[in-house]
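Enquirer: From just these sequences and the hints, can you work out the full model?
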Amino acid sequence: MQTDSLPRSEGPVQLAIRMRPPWRFIDEIRRFVESFCACAPGCPEHREAQLAVAVHELVQNAVPRAGQGDVELLLDVDPGIDRVLVEVTNPCTDAEYDELRRRVERMNAQPDALVHYVETMRSAPSHVRGGLGLARIRYEGQLEISLRRDAAKVTVVAQGKLKVPPPRPPEKNAGTTPEAKPCCK
Amino acid sequence: MLQVNQEQFSAKLSPLSAGIRVLFRGNISTPDPASVLNPFVDAVHDRAQESGEREVSVDLKDLEYCNSSGFKSFIHWIRRIKEMPEERRYKLRFLTSSERKWQRTSLLALTVFAEELVEIQR
Chain A
41 MQTDSLPRSE
51 GPVQLAIRMR
61 PPWRFIDEIR
71 RFVESFCACA
81 PGCPEHREAQ
91 LAVAVHELVQ
101 NAVPRAGQGD
111 VELLLDVDPG
121 IDRVLVEVTN
131 PCTDAEYDEL
141 RRRVERMNAQ
151 PDALVHYVET
161 MRSAPSHVRG
171 GLGLARIRYE
181 GQLEISLRRD
191 AAKVTVVAQG
201 KLKVPPPRPP
211 EKNAGTTPEA
221 KPCCK
Chain B
11 MLQVNQEQFS
21 AKLSPLSAGI
31 RVLFRGNIST
41 PDPASVLNPF
51 VDAVHDRAQE
61 SGEREVSVDL
71 KDLEYCNSSG
81 FKSFIHWIRR
91 IKEMPEERRY
101 KLRFLTSSER
111 KWQRTSLLAL
121 TVFAEELVEI
131 QR
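Protein sequence lines correspond, in order, to chains A and B. Per the working numbering, residue 41 is the first one in the first sequence, and the count goes up by one each step. Per the working numbering, residue 11 is the first one in the second sequence, and the count goes up by one each step.
The hints are simulated quantities; they were obtained by calculation from the structure and are not laboratory data. Computed from a predicted model, the values in this text were never measured in an experiment. Incorrect hints may have been included.
To be verified - Only pairs whose alpha carbons sit at most 20 Å apart, straight line, appear in this in silico SDA-like list of lysine to any residue:
1) Lys111/B x Arg142/A
2) Lys203/A x Arg114/B
3) Lys111/B x Pro84/A
Expert: Structural data, given as structure tokens:
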């Protein structure tokens with residue numbers, strides 16, 4: 041199909057995927073999301089990889105909790121209101137949800153995404169998997185993270201502006217003190 | 011253990027005439043890559059320490075992706091360097107590819123984590 045002559049819409053574009061584990065789908069989804077964002081109207085070039093990283097980390101977090109259930113991905117890119125939204129939904133026990141909720145609350149209590157990310161790098165045990173992904177999404181993807189609980193499922197919502205400035209080297213001493221300014225927000 | 015060969019990624023030490031270089035390739039996206047990467051970086055660290063390196067090149071040009079669990083191995087490596095007496099510490103120079111757009115943002119945070127030990131080369 042030739043698309044060159046078609047009008048390039050500036051309206052929202054949406055991607056929805058429902059998948060079952062295993063892990064091997066994750067790389068394919070990340071690559072597809074990066075390509076999808078490259079085609080999405082109004083998506084800055086540097087944003088493609090940031091959103092692909094966010095999707096990868098959220099889906100990777102979801103798969104172990106999903107068991108035999110589905111993992112659902114929704115990506116909404118809306119240049120009209122300058123917003124990008126990523127939602128990943130998976131089955132989740134009450135205990136898993138409570139742990140996740142506490143983690144997100146702790147993260148959001150630190151207003152500076154870079155400070156929190158660096159603190160997490162310092163404190164997360166290197167021999168235990170997990171613990172860094174949400175902080176990475178929040179800082180690198182410049183996305184705010186929240187949760188939604190629905191029956192026996194949890195949806196992790198990551199949303200932010202579509203048009204953000206490209207990343208730049210942090211200021212000297214950024215991320216080292218609670219007063220440090222965010223470099224990319 | 012100076013080499014890792016997994017289905018999706020590999021890592022190996024490549025001695026140079028001056029200094030050492032570590033090459034990462036593929037996709038670090040398995041659930042627990044640190045279980046094989048931490049022993050690898052420990053072995054590289056020991057080698058660098060023995061030979062008194064001032065810098066180790068970490069070549070990521072052929073690394074398509076690294077998930078946060080894999081990223082922890084770089085953090086583990088930096089922690090090992092920080093444990094050394096200051097005068098014996100060496101730098102990690104990350105060699106990156108402009109085609110791997112994630113590398114630019116992901117490595118920025120590492121420079122904040124260990125400004126004096128991490129350099130990014132594009």
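Enquirer: If a hint holds in the structure, say so; if it doesn't, say that too.
Expert: Structure-based check of all given hints:
1. Lys111/B x Arg142/A: At roughly 32 Å apart (the allowed maximum being 20 Å), arginine 142/A and lysine 111/B break the hint.
2. Lys203/A x Arg114/B: holds, 17 Å
3. Lys111/B x Pro84/A: Given that 20 Å is the threshold and the Cα spacing comes to 12 Å, the pair holds.
Checked against the numbered hints listed earlier, the structure breaks hint 1 alone; every other hint is satisfied.
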